[in-house]
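Engineer: Chains as they are written, first to last, in the numbering used here: chain L, 621 to 1115; chain S, 133 to 1167.
Be a bit skeptical, because a hint or two may be false.
Stated by the list, open to error - Below are the EDC-like pairs computed for lysine to aspartate or glutamate, each with C-alpha atoms no more than 16 Å apart in a straight line:
no., chain 1, residue 1, chain 2, residue 2
1, L, LYS832, S, ASP434
2, L, LYS720, L, GLU930
3, L, LYS830, S, GLU437
4, L, LYS862, S, ASP707
5, L, LYS737, S, ASP707
6, S, LYS639, L, GLU930
7, L, LYS832, S, GLU437
8, L, LYS830, S, GLU436
9, S, LYS646, S, ASP707
10, S, LYS240, L, ASP841
11, S, LYS995, L, ASP841
12, L, LYS737, S, GLU436
13, L, LYS832, S, ASP707
14, S, LYS995, L, GLU863
15, L, LYS740, L, GLU751
16, L, LYS737, S, GLU649
No lab work stands behind these hints: they were computed from the structure.
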Amino acid sequence: MSNSTNKQNARQPESMLDITRRHFLSQSAGVSLGAMALGLLESGTASAQQPEVAKQPIGLPALPHFAAKAKQVIFLTQSGGPSQIELFDEKPGLEKWAGKELPDEIRQGQRLTTMTKNQKQLVMPARTKFEKCGQSGATIGEWMPHLKKVVDDLCFVKSMTTDQINHAPAMTKYLTGHQIPGRPSLGGWVSYGLGSENRNLPDYLVMISKMKRPSDQPLYDHYWGSGFLPTRYQGVKLRSSKEPVLYLRDPDGLPRPVRRGMLDGISELNQMRFEETGDPEITTRIRQYEMAWRMQSSIPELNDLSDEPESTFELYGPDSRRPGSYAANCIMARRMVERGVRFTQLFHPDWDHHSRLSSWCVARCRDTDQASAALIIDLKQRGLLDDTLVLWGGEFGRGVAGQGEWDSPDGGRDHHPRCFTMWMAGGGIKPGITYGATDDFSYNVAENPVHVRDLHATILHLLGIDHQRLTHRYQGLDFRLTGVEPARVVKDILA
Amino acid sequence: MRSIRFLEIIIPVIVCLHIHCCVTEGAEPSVDFSRDVLPILSDRCFHCHGPDPGNREADLRLDQRASSIEDRGDYAAIQPGNAAKSEIIRRILSEDESELMPPADSHKKKLTADEVDILRRWINSGAKWGKHWAFEKPKKAEISNEGIHPVDYFIQRKLNSEGLSLSAKAAKHTLVRRLSFDLTGLPPTPEVVQQFVESDADDSILELTNQLLQSQHYGERMAMWWLDVARYADTDGYQGDRTRTNWPWRDWVVNSFNKNQPYDQFTKEQFAGDLMPDATEEQKLATCFHRNHMTNGEGGRDPEESRIDYVIDRVSTTGTVWLGLTLGCAQCHSHKFDPISQNDFYSLNAFFNSIDEDGKAGGGAKPYLSYQSKLSARAVEEAQQLVDLRKPLEELAKKKAEAQFEPWLSEQIKKTSEDYQGWLPLLAEKLESTDGTVLTQIEDGTIIASGPNPRQDDYLMSAKPNTKRITGFKLEIFPHESHTDGKLSRGSDGEFVLTNVKLQLRKEGVSQFKDIEFSGAIADVEIKGKNSQYGKVRETLDDDPRKGWTTQGHDATVPHMAIFALAEPLYLAEDEHIVFVMFHRSTIGDGNIGRYRLSFANQPGDAVRSLSETPLDQLAAATTEMVEDVDPKLRALLLKQFLSDHAAYQNQKGIYDRANKQLSEVKKAAGKKNVMVLAERNDPRKTHVLVRGVWDKKGEEVGPEVPAAILDWPAEETKTRLELANWIVSKENPLPARVMVNHLWQMYFGAGIVRTPEDFGLQGERPTHPELLDWLAVELMEHDWDIQHIIRLIVTSNTYQQSSVVSEQLIELDPENKLFARGARFRLPSWMLRDAALQSSGLLNPALGGPTVRPYQPPGIWKEMFMGAFNYQPSEGPAQYRRTLYAFWRRASAPTFLFDSAQRRVCQVQVMRTNTPLHALTLLNDHTMLESAKSLAIKSVQASPSDKARIQLIYQRVVSRNASPNELEVLMRELARFQKYYKSNQEDATTLLQIGQPELLLDIKKLDDAKISQIASFMMLSSMILNLDEAITHE
């Protein structure tokens, strides 16, 4: 078993650390933590009156295993399976095959979903034209004009592969390393391992684009869950509403100073209880209530974009003016990075384009293209890109055969697990390169396959974590994100 | 000082607790294989030299004696009696990295000197083999001390060896509260507390226990545990997350516990109620246990793959719940630590492989039992009563509103007498297009497209209409001779396709805008085509460019019209502008509108929901001068229009409508419902080992068989599910009784005797008190699996009754309370916190069973997750105050007010207990907590004129005791602060009291200002008390 420290951690009651703090608390709590907080914490200078609280993050003691290239992560998750064939993976030879049956030696018995398993697999060439862009000459489809401007900052991995063909299992695999719900998410593992750099915000924040269309693929909260890790490591979903975090808002008719007074009362009575019972868990609770109070101002502050200049919205595009949009969430992601949030994850739903690719897929590109590119530009000009790993991708790709009539405007594409494209940038990633390749049909990986677990190993590596050593014991086994099959760090894409 | 991370840190503390319980003699303590040796071998060796042949290195197994001592040429891995000549010792100590075991690349820890010593002594004393403790049959150890409570005997004996003793008894008020939560999940009423505190009978604890065990709430409390274990939920999970109606099974569980059904029978019915001789309907219902797994109805999913997942889930769940084994590990390969082969796993699958199911979800998840719950009638009656209660209030509000109708009407007659227009053209401040079309507005408001005609385009129109309110928009589309064939657009066929319509509200000086929702759209003509064809105007309201409005197929040389109604009237401030956006993003494109006009209305209701003239337009046209002369038909229309715009009436009507909606829903639930159950198909399926666990990679065929390593039974006696159940709860089976008593212990002590309740295997933790565990297990079986007998035994022990106050020394010695030298102090499960708040505030509706209810959740929870496909409407009236057990559980979005709870996706038996700011926020701001605080406030203010007495009343109800003088001082001070604030801020007091069901507000409406500020102050005080650590803790 790899890491006995983790085992200890797993069983350790949370309150243990408080034993050593009892002395501190028994002295300071009487001075009303609340009074201190009222004056200073509100203004966001939490560290000012608690100088003993250092700013560095606290994760597992053995971490990082080695020097990290990236401190923070933004994962732009495109749910539904964006088509690599239209967007990134140009295959000029496909025109010759248009309408012809996909050769068996290419298909190699690939399983199909029940949506297309009874139809002929007729090749449908890309519905877009491609352009070689930047110095790197990466090929980008015409539906993403903005991304073309930043290609030299990006690393395209065209040889991503997974083993799940349906959405929920594939997304669960993509984000938790296993297709059946119950494991901790990538962000959960990172937050567990490395902790936070900001005491006033959660380590792991999640945002979902606000859309009108009922999504065919609900975004289950286990995608950012903590699985068998303590629930504090689960992603906190920021909602686009008056109450960005559930229960954050005090009821109408309860102003902040009254709430403050009430929390003081709770602290004082809890402190009395602590002295009576000796249970260190109580002092933890006192602090959590104080933290809740601080979150009530730090989250709205994070969420309020009114301090952003016009130029921000011009950069991120017109949709960034709509709160809750993907573009607005990209601005939020940059703000989170500025505030030291360890792991930020955006979800943009509705990339599941079984039909009418050329209107449907275009719509999702229009939602995301400018803002994704803007995020790279913005992070770069603020000097944040070096420490921030940005990832863009979905749970699988799409097949080369048309779904429906291959030559009708109604044509779309079915799910395809064997290959898909992701791009990455910043945080220790080599910019301006393309890694891996698919065959002439964008069907099989032809060189340098990157399995989802290799992606996980690489992300952890960039964060200074050896994926084999970040483990947690549960049900008698030491689990890790990358699972039991061998996973490799993709060294060739590291800067 | 140490730094503190955001949500608390964990720091490793090596806890050295000796778990040896055998007193040993002599200088060298004897080595016990199962206790001392096996854990080391399992942890460091079995991964590569264990039961799994797929992973085995060097053809060496160290989990069996024969292969370990086998002569391997000139050496043996283990040479009994001679550690020095045993290869494993040499390799463990090797300094040569290529020889060292475990190898560095296994990431397994090196053996410590102590561990090497254990192995060495064990080999030297003959390398005696044994079984892992959990696979040995439990035996009762002899209790040498007569008259002592058996639980105390084992606990005390170990404490003695550590030089410790049990803590003092907890205070009586603490004890009654502890027992009440443990057995019923609810706090005791002040009366019960008083009775218990005042009683000095020796057996008062037993009496109280019996009383609580007889309460119907006992079954509910146990059922909440069992539902977590059973991964019970009211929806399928996965895509669609369709609702199921399995809740009658939940009532079966409550009832089974309440009648104290023996655990073996409880087990058999859930495994095979349908196979029992003369199976009753209830017995069939019981088998729903094994159908509570998630079902996946995702389009594209092969149902057979799903079906196999379900079978596997049943086996894994069986392993976790009854056997305390991680059987699921053997799905892909033989278990690496426990003696469960992959064949064993699939042989267990065979028991569940011929269920008459086909892997479908939603309404197709047969087999079903059509079942009508007897517990629904009460719910219908309750819902009816609420309707009856609300009806007169709605009527009264209507009357009041109607009384204002005629004055309004006469005003409208005046208003419409000259030049009235219900729809006013929207005049643009700015017209833009994204792709190049030139848009120009002419005098009558018509907008003309000219210049470039791109394939697709979006038209944006900014405007600042001269109105305070907008309720909807009218879009007129005009043909023109300049268009193709004089039709509606400049596209090649003269037709248009409008894919989306959006409305934005912009405020001057603010960069972001607000999206304004439409509630619906209608058009004069549209194509009612198949789902994916362009046609319906309603489809311009989603974000989907594959759908939209076109009038193709209708006459394109005449104008067409659509009306878009806003979800809520939009009130425009001075500095606000609107932007109306029209998207032409269809797949082919080439259908941008050529000429159009937008108008707006400021009347709600039919004015924006119908294509005919608005009621006020009709009134204008009628040129009536007197109210009495208005045509009755028109008058009715106008009244409807008036009422739809009457806020006070609409509010009351909403309250009434919700009650009616609830009634019709409950009535539906009261009929026959399909409950998913087990039933065998006629033609049994063959079962195969699945290679690497992959559903369609069939290996060797296997039949139903039980794992011999646990308890060997002949195959001919284990053919059916019923026989499997018989095997599980056989008194020869070493596991289920142990696992069950451990579950119970965990409930009352916050942690089990085995701290890994899900894993009694080699990788699980060893019991802290093995003899106690075994004693209780045997006791359970000897008493015919009488669960309540074991509970009674546990809670009447001194161990259970200890105070949870802890000294600094003890907490440092035993932070996790593994010695049980003190009572257990832990935060109550979040579901109990909700139930407790309802109980102590007097709001709790104690009704038993029936259809699901929906406790408060913040608005929009389901809507945002499913992008509008589901909407959560909290229950109304008394249904709101039911216990959490009955709360509707959507798998994709578990109730938000629960934290650290099981997720109900897969079986979960381990408790989660964290302490985070999000929990604090939940308890501070959840509506149930706030409404309970309000109810407590009303109760206390009504009960006494004295503030002190009021505070004590709240304290007693919430924490089951009186506040101490010190506490009272703080509470009085805080109360004074609240009172000071709310006295001078009446409006806030009134606003605060709006929270909750309208019925609870009824009385408040009659109150004067002083009372209102008083209740508001006590509400905040109650909320404060409900948030105290003591209030949320099992002490």
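Engineer: If a hint holds in the structure, say so; if it does not, say that too.
Structural biologist: Hints versus structure:
With a CA separation close to 29 Å, the supplied pair L:LYS832 and S:ASP434 exceeds the 16 Å bound. Taking the CA atoms of L:LYS720 and L:GLU930, the gap is near 51 Å; set against the 16 Å cutoff, the hint is violated. Note on L:LYS830 and S:GLU437: the hinted pairing is violated, with a Cα-Cα distance of about 33 Å set against a maximum of 16 Å. Of the supplied pair hints, the one linking L:LYS862 and S:ASP707 is violated, its CA atoms being roughly 22 Å apart against a limit of 16 Å.
The hinted pair formed by L:LYS737 and S:ASP707 fails the criterion: a straight-line CA distance of about 57 Å is larger than 16 Å. The suggested pairing of S:LYS639 with L:GLU930 holds, with an alpha-carbon distance near 14 Å, which does not exceed 16 Å. In summary, the hint linking L:LYS832 to S:GLU437 is not supported, as the alpha carbons are separated by about 32 Å, beyond the 16 Å threshold. Simply put, L:LYS830 and S:GLU436 have alpha-carbon atoms about 35 Å apart, too far for the 16 Å limit, and the pair is violated.
Simply put, S:LYS646 and S:ASP707 have alpha-carbon atoms about 14 Å apart, close enough for the 16 Å limit, and the pair holds. Note on S:LYS240 and L:ASP841: the hinted pairing is violated, with a Cα-Cα distance of about 33 Å set against a maximum of 16 Å. For the hint linking S:LYS995 to L:ASP841, the alpha-carbon distance of about 14 Å falls within 16 Å, and the restraint holds. Distance restraint check for L:LYS737 and S:GLU436: the Cα-Cα separation of roughly 14 Å lies within the 16 Å cut-off, and the hinted pair is therefore satisfied.
The straight-line distance between the Cα atoms of L:LYS832 and S:ASP707 is roughly 27 Å, outside the 16 Å bound, and the hint therefore fails. The hinted pair formed by S:LYS995 and L:GLU863 meets the criterion: a straight-line CA distance of about 15 Å does not exceed 16 Å. The suggested pairing of L:LYS740 with L:GLU751 is violated, with an alpha-carbon distance near 31 Å, which exceeds 16 Å. Of the supplied pair hints, the one linking L:LYS737 and S:GLU649 is violated, its CA atoms being roughly 40 Å apart against a limit of 16 Å.
Hint compliance for this structure: hints 1, 2, 3, 4, 5, 7, 8, 10, 13, 15 and 16 are broken, all remaining hints hold.
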